[in-house]
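Number of protein chains: 2
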Amino acid sequence: MPREVTVLTEAELRRVIHLDLNVVEVVEKAFAALASGKVVMPPIMSMAIPEANGEVDVKTAWIPGFEGFAIKVSPGFLDNPRIGLPSLNGLMILFSAKTGMVDALLLDNGYLTDLRTAAAGAVAAKHLAPATIDTAGVMGTGVQARLQLQAAHLVRPFRQALVWGRDPARAQACAIDLAATLGIPVRAEADPARLVAESQLVVTTTPAEEPILKAEWLHPGLHITAMGSDQQGKNEIEPAALAAADLYVADRVSQCEKLGELRSAITSGLWTRGAPPELGDIVSRKSTGRTSDAQVTICDLTGTGAQDTAIATFALAAARAAGAGSVIAT
Amino acid sequence: MPREVTVLTEAELRRVIHLDLNVVEVVEKAFAALASGKVVMPPIMSMAIPEANGEVDVKTAWIPGFEGFAIKVSPGFLDNPRIGLPSLNGLMILFSAKTGMVDALLLDNGYLTDLRTAAAGAVAAKHLAPATIDTAGVMGTGVQARLQLQAAHLVRPFRQALVWGRDPARAQACAIDLAATLGIPVRAEADPARLVAESQLVVTTTPAEEPILKAEWLHPGLHITAMGSDQQGKNEIEPAALAAADLYVADRVSQCEKLGELRSAITSGLWTRGAPPELGDIVSRKSTGRTSDAQVTICDLTGTGAQDTAIATFALAAARAAGAGSVIAT
Chain A
20 MPREVTVLTE AELRRVIHLD LNVVEVVEKA FAALASGKVV MPPIMSMAIP
70 EANGEVDVKT AWIPGFEGFA IKVSPGFLDN PRIGLPSLNG LMILFSAKTG
120 MVDALLLDNG YLTDLRTAAA GAVAAKHLAP ATIDTAGVMG TGVQARLQLQ
170 AAHLVRPFRQ ALVWGRDPAR AQACAIDLAA TLGIPVRAEA DPARLVAESQ
220 LVVTTTPAEE PILKAEWLHP GLHITAMGSD QQGKNEIEPA ALAAADLYVA
270 DRVSQCEKLG ELRSAITSGL WTRGAPPELG DIVSRKSTGR TSDAQVTICD
320 LTGTGAQDTA IATFALAAAR AAGAGSVIAT
Chain B
20 MPREVTVLTE AELRRVIHLD LNVVEVVEKA FAALASGKVV MPPIMSMAIP
70 EANGEVDVKT AWIPGFEGFA IKVSPGFLDN PRIGLPSLNG LMILFSAKTG
120 MVDALLLDNG YLTDLRTAAA GAVAAKHLAP ATIDTAGVMG TGVQARLQLQ
170 AAHLVRPFRQ ALVWGRDPAR AQACAIDLAA TLGIPVRAEA DPARLVAESQ
220 LVVTTTPAEE PILKAEWLHP GLHITAMGSD QQGKNEIEPA ALAAADLYVA
270 DRVSQCEKLG ELRSAITSGL WTRGAPPELG DIVSRKSTGR TSDAQVTICD
320 LTGTGAQDTA IATFALAAAR AAGAGSVIAT
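Protein chains in written order, with the numbering used here: chain A, 20 to 349; chain B, 20 to 349.
If you're looking for bench data, these hints aren't it; they were derived computationally from the structure. Note that the coordinates shown come from a computational prediction; the quantities given were computed from them, not determined experimentally. Do not take every clue at face value.
What the hints assert, rightly or not - Covered stretches of chain B, going by a simulated chain A footprint (3 or more residues, C-beta under 8 Å):
1. 25-38
2. 124-131
3. 298-310
Stated by the list, open to error - Below, simulated DSS-like cross-link-like pairs (lysine-lysine); rule was C-alpha separation at most 30 Å, straight line:
4. A:Lys-253 with B:Lys-117
5. B:Lys-117 with A:Lys-277
6. B:Lys-117 with B:Lys-57
7. A:Lys-57 with A:Lys-233
8. B:Lys-253 with B:Lys-233
9. B:Lys-48 with A:Lys-277
10. B:Lys-48 with B:Lys-305
11. A:Lys-305 with A:Lys-145
12. B:Lys-253 with A:Lys-117
13. A:Lys-57 with A:Lys-305
14. B:Lys-253 with B:Lys-48
15. A:Lys-277 with A:Lys-145
16. A:Lys-57 with A:Lys-145
17. B:Lys-57 with A:Lys-57
18. B:Lys-233 with B:Lys-277
19. A:Lys-57 with B:Lys-48
20. B:Lys-57 with B:Lys-233
21. B:Lys-305 with B:Lys-57
22. A:Lys-277 with A:Lys-48
23. A:Lys-253 with B:Lys-145
24. B:Lys-57 with B:Lys-277
25. B:Lys-145 with B:Lys-253
26. B:Lys-48 with B:Lys-277
27. A:Lys-57 with A:Lys-277
28. A:Lys-48 with A:Lys-117
29. B:Lys-117 with A:Lys-117
30. A:Lys-277 with B:Lys-305
Where a beta carbon is used, it is the ideal one built from N, C-alpha and C, also for glycine.
Please put together the full structure from these sequences, using the hints given.
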């Protein structure tokens, strides 16, 4: 039987799929499925390549009701910028969930990961942030700093935004970009304490290995989404903040206790509440989320294979609807 | 910077790479590298999809001195034959070991896995079988039954061969195929005890969950390669045979004790020798192999990511030399 594999390049994917409420919805659906207990999601496969200052992560998940499952390979080679290449890239392979045959190769160079990561931030904001956000702050100045605020704005249309980064020039550039994209005032803020004080929603998007957000900065009515830590050794939020928050939510407990903010909180001995709820539990109302606008909530995102399967399935459907991509007969 | 990804289909790969001594050599090199302790090879990622009677395995390894590393995805969906599709398929993705960029997509549907698995059998025979083999036997009648004897014949040009299978008609068909391929007498043998008694080299290639090769059949001057067991629950060789053999060798101890013949031997309490040597240790002469023609040796092959990286690198080089494949600009 002749078989066909659809190939989509990054450029083709960028034409057919964007950060919008449809993407947020499919990722939200993946989180709800995670809470059903019926998702199959093995631990992340990770291979360090010290000789090239690189690491490769592989994620996957099977979600009931999705036609396919994705296997995502994310190489990160930190010396690449020296030779003009991006550090992060990779691809997703979409397989039929019924037969295991390859349906599509999504040569996205990390674009779909960017989208599904931002969409998870929107899901967290939708279900955990106070109903009304006047000011949103972002810590970090990279691609995710931009996308996280764009995603959050879809579900909480805040009036203004603040950007903090270690490099003031990059913070300024990020603020200018975001102001243009969102059409709202966005200011670079040099003092991270002040950024947090003025914001009701803060997203941290850095590879920090020492906390950049202090527990003493928490204030009533604050929601924090920490999406930077996805490896052992990273830590953006002071452990005392997790202990002090009214509610801490993990995207996946088994990952967050190894790779997320929860890891540092456990290691420091400050986490004594046992297993926290997962974002999917909140989305599907199996666990209680925020119960008052005055509470402090924190959501810890390490990135799940379920999001990859969701975005890859969605991207292939969008590409087919648009007639995009090429087909290889195998 | 524009990037190019080479795409090779199964048909293209079948034109440029075959089971020969070059393939055996590159896989042998991978085993030697494994023994160097410098290979990075994470545990196999495995995802069961009970709803579709399927399973997906992901393997990878970085080998010093190889330009690339492969990530191999092997789906196995056992209900596929009912709808005219093969149970096993999958692909390999070859990444630059320096930058992590995707170099090639090898849409081999399992062909390269077949080759590297057979080549490992040849490496085992080369380093563990008696110097002279008159008769080789194979248990099982599938693709690997054929390829394992072809591979073994490259390194031990035996005079005749025997085939045993549960289905006599399939054993007969396999014997006819092998006689044509190897140009030697090949006989279907209904009695597995007799097959082992007459052979100096036996390869087991079945998905058996109960032993098909009994310990009492061992005889001086026998080498057995067991390549069928690659999952918990499979077991081809009676555990007492591992304990009785003069030498038992694992392709990778950490895998064999979970997925190979060693698992059953440990579970049964019959394995008391501690950590066995690995095939790479024998290849690189870090451990002693067979010391006399009268010894009984067993090699347990579960399949390693190092073999995948080796065959994928070799296949891409062969394809480039032949001008095969297409290129996608990403």
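Consistency of the hints with the structure:
1. 25-38: holds (count 4)
2. 124-131: holds (count 3)
3. 298-310: violated (count 0)
4. A:Lys-253 with B:Lys-117: Holds, because 24 Å separates the two Cα atoms, which is no more than 30 Å.
5. B:Lys-117 with A:Lys-277: holds, 27 Å
6. B:Lys-117 with B:Lys-57: At roughly 16 Å apart (the allowed maximum being 30 Å), Lys-57 (chain B) and Lys-117 (chain B) satisfy the hint.
7. A:Lys-57 with A:Lys-233: Given that 30 Å is the threshold and the Cα spacing comes to 37 Å, the pair is violated.
8. B:Lys-253 with B:Lys-233: Given pair Lys-253 (chain B), Lys-233 (chain B) holds - Cα atoms ~15 Å apart, limit 30 Å.
9. B:Lys-48 with A:Lys-277: Measuring from Cα to Cα gives roughly 35 Å; hence the hint is violated.
10. B:Lys-48 with B:Lys-305: Measuring from Cα to Cα gives roughly 14 Å; hence the hint holds.
11. A:Lys-305 with A:Lys-145: With Cα atoms ~16 Å apart, Lys-305 (chain A) and Lys-145 (chain A) stay inside 30 Å; holds.
12. B:Lys-253 with A:Lys-117: Between Lys-253 (chain B) and Lys-117 (chain A) the Cα gap is close to 24 Å, so the pair holds against 30 Å.
13. A:Lys-57 with A:Lys-305: holds, 15 Å
14. B:Lys-253 with B:Lys-48: The hint holds at about 28 Å.
15. A:Lys-277 with A:Lys-145: Judged against 30 Å, a Cα distance of about 26 Å means the pair holds.
16. A:Lys-57 with A:Lys-145: With Cα atoms ~24 Å apart, Lys-57 (chain A) and Lys-145 (chain A) stay inside 30 Å; holds.
17. B:Lys-57 with A:Lys-57: violated, 39 Å
18. B:Lys-233 with B:Lys-277: Holds, at about 21 Å.
19. A:Lys-57 with B:Lys-48: The hint is violated at about 42 Å.
20. B:Lys-57 with B:Lys-233: violated, 37 Å
21. B:Lys-305 with B:Lys-57: Holds. Lys-305 (chain B) to Lys-57 (chain B) sits at ~15 Å (cutoff 30 Å).
22. A:Lys-277 with A:Lys-48: The hint holds at about 25 Å.
23. A:Lys-253 with B:Lys-145: violated, 47 Å
24. B:Lys-57 with B:Lys-277: holds, 22 Å
25. B:Lys-145 with B:Lys-253: holds, 26 Å
26. B:Lys-48 with B:Lys-277: Within the cut-off at roughly 24 Å; holds.
27. A:Lys-57 with A:Lys-277: Holds, at about 22 Å.
28. A:Lys-48 with A:Lys-117: Holds, at roughly 20 Å.
29. B:Lys-117 with A:Lys-117: violated, 36 Å
30. A:Lys-277 with B:Lys-305: Given that 30 Å is the threshold and the Cα spacing comes to 36 Å, the pair is violated.
Against the hints set out earlier in the document, violations occur for numbers 3, 7, 9, 17, 19, 20, 23, 29 and 30.
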